[in-house]
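Protein chains in written order, with this note's numbering: chain A, 441 to 805; chain B, 441 to 805.
Treat each hint with caution, since some may be false.
Since copy identity is lost for identical chains, a pair holds within one copy or between any two.
Unchecked claim - Derived DSSO-like pairs: lysine-lysine, alpha-carbon spacing no greater than 27 Å straight-line: (1) K645 / K524; (2) K587 / K713; (3) K652 / K524; (4) K569 / K777; (5) K704 / K727.
Just so you know, these hints were derived from the structure itself, not from any lab.
Number of protein chains: 2
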Amino acid sequence: MQQVMVSPSEEMASYTLAIDGMGGDGAPDIVLQGIDIAAERHPLAKILLLGDEAVLGDLLLQYPRAARITTIRHASSVISMDMKPTAALRVKDSSMRMAMQAVTTGEAQGVVSAGNSGAMLALAKIVIKTLPGISRPAMAAISPTAKGDVVMLDLGANVNCDWRNLVEFAVMGDAFAKAVLGLNAPSIGLLNVGSEELKGDERLKVAAEILKESPLSKQFYGFVEGHDITAGTTDIVVTDGFTGNVALKTGEGALKLAFTLLQKVYTANFLAKLGYLLVRPGLRRMKEWLDPRRYNGAVFVGLNGVVVKSHGGTDGEGFAAAIDVAIDMVTQQFNKKISEGLVEIGSLTSRRAQAEKEVNHLVST
Amino acid sequence: MQQVMVSPSEEMASYTLAIDGMGGDGAPDIVLQGIDIAAERHPLAKILLLGDEAVLGDLLLQYPRAARITTIRHASSVISMDMKPTAALRVKDSSMRMAMQAVTTGEAQGVVSAGNSGAMLALAKIVIKTLPGISRPAMAAISPTAKGDVVMLDLGANVNCDWRNLVEFAVMGDAFAKAVLGLNAPSIGLLNVGSEELKGDERLKVAAEILKESPLSKQFYGFVEGHDITAGTTDIVVTDGFTGNVALKTGEGALKLAFTLLQKVYTANFLAKLGYLLVRPGLRRMKEWLDPRRYNGAVFVGLNGVVVKSHGGTDGEGFAAAIDVAIDMVTQQFNKKISEGLVEIGSLTSRRAQAEKEVNHLVST
Numbered sequence: 441m442q443q444v445m446v447s448p449s450e451e452m453a454s455y456t457l458a459i460d461g462m463g464g465d466g467a468p469d470i471v472l473q474g475i476d477i478a479a480e481r482h483p484l485a486k487i488l489l490l491g492d493e494a495v496l497g498d499l500l501l502q503y504p505r506a507a508r509i510t511t512i513r514h515a516s517s518v519i520s521m522d523m524k525p526t527a528a529l530r531v532k533d534s535s536m537r538m539a540m541q542a543v544t545t546g547e548a549q550g551v552v553s554a555g556n557s558g559a560m561l562a563l564a565k566i567v568i569k570t571l572p573g574i575s576r577p578a579m580a581a582i583s584p585t586a587k588g589d590v591v592m593l594d595l596g597a598n599v600n601c602d603w604r605n606l607v608e609f610a611v612m613g614d615a616f617a618k619a620v621l622g623l624n625a626p627s628i629g630l631l632n633v634g635s636e637e638l639k640g641d642e643r644l645k646v647a648a649e650i651l652k653e654s655p656l657s658k659q660f661y662g663f664v665e666g667h668d669i670t671a672g673t674t675d676i677v678v679t680d681g682f683t684g685n686v687a688l689k690t691g692e693g694a695l696k697l698a699f700t701l702l703q704k705v706y707t708a709n710f711l712a713k714l715g716y717l718l719v720r721p722g723l724r725r726m727k728e729w730l731d732p733r734r735y736n737g738a739v740f741v742g743l744n745g746v747v748v749k750s751h752g753g754t755d756g757e758g759f760a761a762a763i764d765v766a767i768d769m770v771t772q773q774f775n776k777k778i779s780e781g782l783v784e785i786g787s788l789t790s791r792r793a794q795a796e797k798e799v800n801h802l803v804s805t
Numbered sequence: 441m442q443q444v445m446v447s448p449s450e451e452m453a454s455y456t457l458a459i460d461g462m463g464g465d466g467a468p469d470i471v472l473q474g475i476d477i478a479a480e481r482h483p484l485a486k487i488l489l490l491g492d493e494a495v496l497g498d499l500l501l502q503y504p505r506a507a508r509i510t511t512i513r514h515a516s517s518v519i520s521m522d523m524k525p526t527a528a529l530r531v532k533d534s535s536m537r538m539a540m541q542a543v544t545t546g547e548a549q550g551v552v553s554a555g556n557s558g559a560m561l562a563l564a565k566i567v568i569k570t571l572p573g574i575s576r577p578a579m580a581a582i583s584p585t586a587k588g589d590v591v592m593l594d595l596g597a598n599v600n601c602d603w604r605n606l607v608e609f610a611v612m613g614d615a616f617a618k619a620v621l622g623l624n625a626p627s628i629g630l631l632n633v634g635s636e637e638l639k640g641d642e643r644l645k646v647a648a649e650i651l652k653e654s655p656l657s658k659q660f661y662g663f664v665e666g667h668d669i670t671a672g673t674t675d676i677v678v679t680d681g682f683t684g685n686v687a688l689k690t691g692e693g694a695l696k697l698a699f700t701l702l703q704k705v706y707t708a709n710f711l712a713k714l715g716y717l718l719v720r721p722g723l724r725r726m727k728e729w730l731d732p733r734r735y736n737g738a739v740f741v742g743l744n745g746v747v748v749k750s751h752g753g754t755d756g757e758g759f760a761a762a763i764d765v766a767i768d769m770v771t772q773q774f775n776k777k778i779s780e781g782l783v784e785i786g787s788l789t790s791r792r793a794q795a796e797k798e799v800n801h802l803v804s805t
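Make the full structure from the sequences, and use the hints.
Next up, the structure:
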């Protein structure tokens, strides 16, 4: 993730992130390493760190840069990685919940956790609540492409989505690409299948119609297919949570397959190993560029606060990348951009919903 | 595609494939090259070649091996690559249609075409018709994985699928893996998303329940995620046509991205180029292994005859690979295996469908 430019808004107004100190496989160590790295990049940030105050207090002593910007608040419980969301909701004093509560009260503007993803979404919907005007929050993330980066959503927050969700995802993806990728007018694609008789289903057609008439029309590219994601055909790819989750994981699996096979090629014989040594620096840069840690930081968009989910198994660098994303969103006024986008698109979606009601009424009488 | 073993059934009974000589970007040249290569591998095959008899007759003179096994039959029309399926259905004497008619009459046991995919599916459903017991045909294909090959379906024949389609896809995928991959008891995975609160939707749960009680239960692995496809976790991956199409194309796109980046690494400077030369043989083998031409030959399963779709832009080697797949399916009695599998699973699906009717009846009264 490129370093955040210290914008005038960042200089004038400092901000607070609530961080779950206990979530994730490597917590709390990777959390503090991450804060320490982030402290160097973002001297104006303030961190409210939730978790076991004795453990965190001790650890903080080892990270003076982190210590400079961090306040610890005690939380008695931890949401474990295998806890079901319904169970997680019943734990009132978890580090994850208390971090979100700090956002609800306005004490913090964003929350970062590497903990249980399902619990995070369930808790965020209850504690931080959905942004007014949004029907369903989505999970968004950045992936590498041949032409830079692509924002994809929904990556798994919602299995079934109607045309309204898809249109809102487009608005949120637009705000996200502007806030985090720094793009002025990011192009938007709706993920579909290519064959003529199978132009996706009705929801995709309706969503496309609305986007074509909306203020996003200049940015709306149209339908894209699976291979367009990594080709970087558009800056944003919108789809339902099931398809998005499958696409993301299939792409990651395919890249992993490529590296597995490359490994075999390079260790095949002496000449191959020699050849490997000569290309190693370039290969390392390529691996770094494709590294999920660089893109660490999936975001729950459409909530009434910035909520960033870091990979559960990440390290300090990865967690710092997630903090970068949260700071970008807070300082670039991500949620304000969504609200403005929703207002612009509001009359179109209302008219469509109204027309549907009338059709349904006619059909059923 | 590995060479087909000449089985006793193949030695005793020869077979005929109807081949569309005019379909595909490189037709008829690549078609004849493909037949020529296949003739070498399958001396017992008989080919009925449909298309412009003057053009094909001339070309056949250049391919003596193909000529030995090929009979030409004149077809006046050609289905173009951009023709809509409904338009294609109206063309009565296309090479594609006449090839399929040969299967309907029993003159041929399978058909191979590199032509318009949507037209092929539409024509096949009308001319060859669906196999008794199958609700909807699907498109299946073989993809590379870290542990060999995987069969995936549906890859785009059906956008919306219910649990019955998914169960039938499992039966057909099982028959396909046995016929073409030569596996005895291929493992079956249902593609799903991983998070606890989003265990896919109702259809996946019902399909999984039925498979767990069926004779396929020993082979049924359970749910798999996107990254499991290329990891080779199961031999077969079952999903709906929309998700399958997106997954296949996303995976292909990701591999293409890896090669694009590798290209940049290798041409970066002199040392890198030198290193490339040393690993080039291994890289070539890797590229060949991942080459879509090796897997050329998507199959429409669930039709009352073997129907193989070759990539439109393929070359002679690729078309020969598609012919290999068709021969495997014909000689390994692919459709008989499906019918047997359906009988085994029939009572489970009937009971479930009956139970659903009763519930719907209760709900609506």
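We went through each hint and held it up to the structure:
1. K645 / K524: So K645 and K524 pass the 27 Å test across copies only (18 Å; inside, 36 Å).
2. K587 / K713: Answer is between: at 23 Å across copies they meet the 27 Å cutoff, but 30 Å inside does not.
3. K652 / K524: Close across copies (24 Å), not inside one copy (40 Å); limit 27 Å.
4. K569 / K777: within (18 Å within a copy, 53 Å between copies)
5. K704 / K727: The answer is both: 16 Å in one copy and 13 Å across copies each meet 27 Å.
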